[in-house]
Amino acid sequence: MKESNKGRAGGYNCVVCIKQVPDTKKVTGEAMKADGTINRAALPAIFNPEDRNALEAALSVKERYGGRVTAITMGLPAASAILREALACGADEAVLVTDRKAAGSDTLATSYILSQAVKKFNPDLVFCGRQAIDGDTAQTGPQIGEKLDCAVVTYLEKLDLDGDTAIAVRDIGTGVETCRAQLPALFTVTEKFGELRPFEMRRVMKYKNAEPMVLDCAAIGCEDDRCGFAGSPTSVNKIESVVLAGGEFKEVPATDEGIAGLVAELVKDHTIG
Amino acid sequence: MKNTQGEVWVFAEQEEGRLSDVPFELLGKARELAGKLGVKVGAVLMGSGVEALAKPLFEAGADVVHLVDDPALKVYRNKAYRHAMVELVNEVNPQIVIFGATHMGRDIAPSVASALRCGLTADCTDLQIGGYEDKKTKETFTNVLHQIRPAFGGNIIATIVNARNWPQMATVREGVMKPLPREEGRTGELVKHSAHLEGLDIPVEVVEIVRRVSSVNLKGSRIIVCGGAGVGSKENFKLLHDLANALGGAVGGSRAAVDLGYCEHERQIGQTGVTVRPALMISCGVSGAVQHLAGMQDSAKIIAINTDKDAPIFKVAHYGIVGDLNVVIPKLIKAIKA
Chain A
1 MKESNKGRAG
11 GYNCVVCIKQ
21 VPDTKKVTGE
31 AMKADGTINR
41 AALPAIFNPE
51 DRNALEAALS
61 VKERYGGRVT
71 AITMGLPAAS
81 AILREALACG
91 ADEAVLVTDR
101 KAAGSDTLAT
111 SYILSQAVKK
121 FNPDLVFCGR
131 QAIDGDTAQT
141 GPQIGEKLDC
151 AVVTYLEKLD
161 LDGDTAIAVR
171 DIGTGVETCR
181 AQLPALFTVT
191 EKFGELRPFE
201 MRRVMKYKNA
211 EPMVLDCAAI
221 GCEDDRCGFA
231 GSPTSVNKIE
241 SVVLAGGEFK
251 EVPATDEGIA
261 GLVAELVKDH
271 TIG
Chain B
1 MKNTQGEVWV
11 FAEQEEGRLS
21 DVPFELLGKA
31 RELAGKLGVK
41 VGAVLMGSGV
51 EALAKPLFEA
61 GADVVHLVDD
71 PALKVYRNKA
81 YRHAMVELVN
91 EVNPQIVIFG
101 ATHMGRDIAP
111 SVASALRCGL
121 TADCTDLQIG
131 GYEDKKTKET
141 FTNVLHQIRP
151 AFGGNIIATI
161 VNARNWPQMA
171 TVREGVMKPL
181 PREEGRTGEL
191 VKHSAHLEGL
201 DIPVEVVEIV
211 RRVSSVNLKG
221 SRIIVCGGAG
231 VGSKENFKLL
241 HDLANALGGA
251 VGGSRAAVDL
261 GYCEHERQIG
271 QTGVTVRPAL
281 MISCGVSGAV
291 QHLAGMQDSA
301 KIIAINTDKD
311 APIFKVAHYG
321 IVGDLNVVIP
331 KLIKAIKA
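Protein chains in written order, with our numbering: chain A, 1 to 273; chain B, 1 to 338.
No lab work stands behind these hints: they were computed from the structure.
Just so you know, not all the hints are guaranteed correct.
[Unchecked claim] Quick list of in silico lysine-lysine cross-link-like pairs, DSS-like style, CA-CA up to 27 Å: (1) B:Lys334 - B:Lys301; (2) A:Lys25 - B:Lys234; (3) B:Lys36 - B:Lys2; (4) A:Lys238 - B:Lys315; (5) A:Lys238 - B:Lys178.
Start from the sequences and build out the full structure, keeping to the hints where you can.
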């Protein structure tokens, strides 16, 4: 094993936060309501793609250094489907945080509720997907980290552990940074970390009807005025569906003459040349 | 507390003593917002030994530069920057804070919003000042920040407001706002602040940064040739490079083309990639998913080449060629070279 691959006795206690999301890549006309809002029910519900990478990060820590992995999701009971997927891939425990009080939570309220749930498990490492495809905000992860007051490492691509220190490689947009973070630490994980391992058939059978541990806001010590609508400073003022302008375009025949004419026009108006 | 006379702030992101493009873009928008509110534009400059960067910020539209210069801020680290920013917001009380939706901006902004317990809207494509009525309480508000962003994979445009818990915070996509022309000699007020980092345990140490030397500069290109799933293969993408070379342009790809491995991720144009507005966009085999169009529809001229005459890309195109790109592109190259 490499020098940076030492780990520690007893391994690491990992928590991964995952989300069930509507598959926004499959939005079609049928999924749009007349008022321009999305009919979520018309879209398949999936395991948020980068949360799968986050689960892989947690499972790889367990595989390399030992320890355990707890998957937590906040949502409706139907979100248990992705918790069962997590169990089938190797998670040891699955937790569903569900409560009517959580309805209408923006990222601030969501991160508060999730941070309260995460604290219950006293983890060494917390993993979140970088962002969820229904909102693409990338806010909930760092906001959980702030509330846990632990090291926050976003855009994780690679991770080694040495005692109480994480050696992390992260994308900083303009380059790649290697940093040493003291545990406990929270990481947001991108697809570059690597794909989630396939599930184990034996575990699929074992967990196919498994029920997660269910917690409500009171069970994790949430203050009511920090959850749901009450705890969400942002409000949606307006939603518009995207309507393409549908302007007229000039059809150019796919012939030598047609294309030569187009190029001549672009040269004339100084677009090219 | 709501400070209706508070400044409009821009986080002036810098690395290694160099400002990125995005603060200049944001200052352009901040001037517009501050003009409507009748308040000053402030730029927040953090780092170590970065005082000289105040000048370009004044010239780009800042009235005030809030400088936090501290050795502990030399390299960006979440906790150190978050702490310094939270202190500064509490001290000066701005009404609006805008960050670039860069890796750094998307790291610091949510952390600061979480600590201040205020709202934050990610990846805005526009910001405006307007009114708001809370439909439940019937309470009305004036002069709030309308934070406009695509959501749900770009299929809807949402306007978000944060009427109560100020400051109002947003991150804004790179390349979306236009910088003002540089006003040489324009100056303003430089205010130096302490970061108050003494005794703060910062749990992260940066060991090494390897800068990416990118050969791809989509944002700076006048002409872009962009390929989609319809290109069909990585090999066929070479044809797009040939066309771009003939025009002195760059090559981009849709998310579908990137997902299929036809081109590199750094070439991705669209909501989850780069936003571009070149003088000429030649779109080849791109169907025109909303999330892609969001990142290119402001191009001055768009030529769409697609075999499907009903492809949505034609709805934003100025010129349309219904045909096989493997036939059309060689003809284009021939005509350009003629």
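Quiz item: Hint by hint, which ones does this structure get wrong, listed from lowest number up?
Solution: The structure breaks none of the hints.
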